[in-house]
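There are 2 protein chains.
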Amino acid sequence: MAARGPYAKGVAKREEILTAALEVIARQGYRKTSTKELAAAVGLSEAGLLHYFGSKEKLFEAVLRARDEADVDRFEESDLIGKLTAIIRHNSDVPGLVQLYSTFSAEAGDPQHPSHPYFVERYARLRESLADAVRARQSAGTFSPAADPEVIATVLIALSDGLQVQSQFGLPVEPADLLTQVVGLLGSAGGAVDS
Amino acid sequence: MAARGPYAKGVAKREEILTAALEVIARQGYRKTSTKELAAAVGLSEAGLLHYFGSKEKLFEAVLRARDEADVDRFEESDLIGKLTAIIRHNSDVPGLVQLYSTFSAEAGDPQHPSHPYFVERYARLRESLADAVRARQSAGTFSPAADPEVIATVLIALSDGLQVQSQFGLPVEPADLLTQVVGLLGSAGGAVDS
DNA sequence: GTCTATAAAGAGATAGAC
DNA sequence: GTCTATCTCTTTATAGAC
Chain S
1 MAARGPYAKG VAKREEILTA ALEVIARQGY RKTSTKELAA AVGLSEAGLL HYFGSKEKLF
61 EAVLRARDEA DVDRFEESDL IGKLTAIIRH NSDVPGLVQL YSTFSAEAGD PQHPSHPYFV
121 ERYARLRESL ADAVRARQSA GTFSPAADPE VIATVLIALS DGLQVQSQFG LPVEPADLLT
181 QVVGLLGSAG GAVDS
Chain R
1 MAARGPYAKG VAKREEILTA ALEVIARQGY RKTSTKELAA AVGLSEAGLL HYFGSKEKLF
61 EAVLRARDEA DVDRFEESDL IGKLTAIIRH NSDVPGLVQL YSTFSAEAGD PQHPSHPYFV
121 ERYARLRESL ADAVRARQSA GTFSPAADPE VIATVLIALS DGLQVQSQFG LPVEPADLLT
181 QVVGLLGSAG GAVDS
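Residue numbers (full-length UniProt numbering), protein chains in the order written: chain S, 1 to 195; chain R, 1 to 195.
Among the hints, a few may not be true.
When chains are identical, the list treats them as one kind, so a pair holds in a single copy or across two.
[To be verified] Straight-line alpha carbon distances no greater than 16 angstroms define the calculated EDC-like cross-link-like pairs of lysine to aspartate or glutamate that follow:
no.	residue 1	residue 2
1	K13	E174
2	K32	E57
3	K32	D148
4	K83	D68
Keep in mind the hints are simulated off the structure, nothing from the lab.
Generate coordinates for the entire structure from the input sequences, incorporating the hints supplied.
Listed below in structure tokens is the structure:
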């Protein structure tokens, strides 16, 4: 997948920066991760770094966007609900990722935050896709038809986010296992599923 | 409950600061809330403010501690699960609270954060109390005995946290209503509940 | 209990050279 | 595409007077 042409170097550098950002966050924590340290991690000056992303927020947003895109491709085995579980399971293996995601998205809750619109769009999109997956399972008879797909989708997202935050403070169970359990519980509630 | 004696003024001022902190966060957003602005909101200098709480983090932690304590007393009608729903419902009426809670707790996910230990303890305590409430409902026959109380407790907390984050980006349903629905679903799954 | 003053550091971003 | 240099602003926290 090596890009060629005049932009090859720039593209590679961008990707190097996105990867390094997570390493820095893992090492220093999100709070203490400044453009200065981000730049140092990839052997650039602050000005050099900002040349690629314009601002710290855009950089972090780019890390998360890249993750989302990669996650869609990975884990081809099952539907989006299954994928979500796989993603949660693997997220804890990427130091810094949970810290970045939870803190950055919480900050972006402020309507003034430059990445607020990104998250509004992202959550809406994810909710719709997940609702589609619920409907598909209902058609296949593997999920209770009594459930409202939009509600289940919203719940699944909230659960993923909330479990990942909680996992940072110590959890008696693996978040991914918990999610699997809840999907089973929710899917069978209200009856009418093969058993 | 008006305190008297030599500390009365200090106590009142502390409470005034805690209340004002939420107002400032609601107005400026968490990111842009500095000790300078916090101080101005209560007519103190930065040094005057820090006299009471020592640091910005301790101040924010105190806001959250005070909330938790007040929440336990409010809403006496039902058990902790019912209370949780009532709390979620009312949290959205307090501008700045969701923003403070979600961002501050996410930041505190960093083990180096001064309030990390506070959240570790808080989540453990909340999980235990909620698990007790689940057990009580199971004994009363109003919650599926098939469910693991600790798992349900963890799920309920994650859901509350996750829904409140999501609500900042627009939600098709009221978080509290959603929580109620899920409690019903989870409580009936696995059968053996009066209906 | 509160202030002034100030430290001391760190932030994000830009201009302009190379 | 990258750097040096620098700006400007803001941050949290402290020392010491009142």
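To see whether the hints hold, each was checked on the structure:
1. Taking CA atoms no more than 16 angstroms apart as the test, K13 paired with E174 passes in neither setting, with 35 angstroms inside one copy and 43 angstroms between copies.
2. Taking CA atoms no more than 16 angstroms apart as the test, K32 paired with E57 passes in both settings, with 14 angstroms inside one copy and 14 angstroms between copies.
3. Proximity of K32 and D148 under a CA criterion of 16 angstroms is satisfied in neither setting, with 42 angstroms inside one chain copy and 39 angstroms between copies.
4. Taking identical chains as interchangeable, the C-alpha atoms of K83 and D68 lie at most 16 angstroms apart only when both belong to the same chain, with a minimum of 12 angstroms there against 35 angstroms between chains.
Violation of the numbered hints given earlier is confined to hints 1, 3; the remaining hints are satisfied by the structure.
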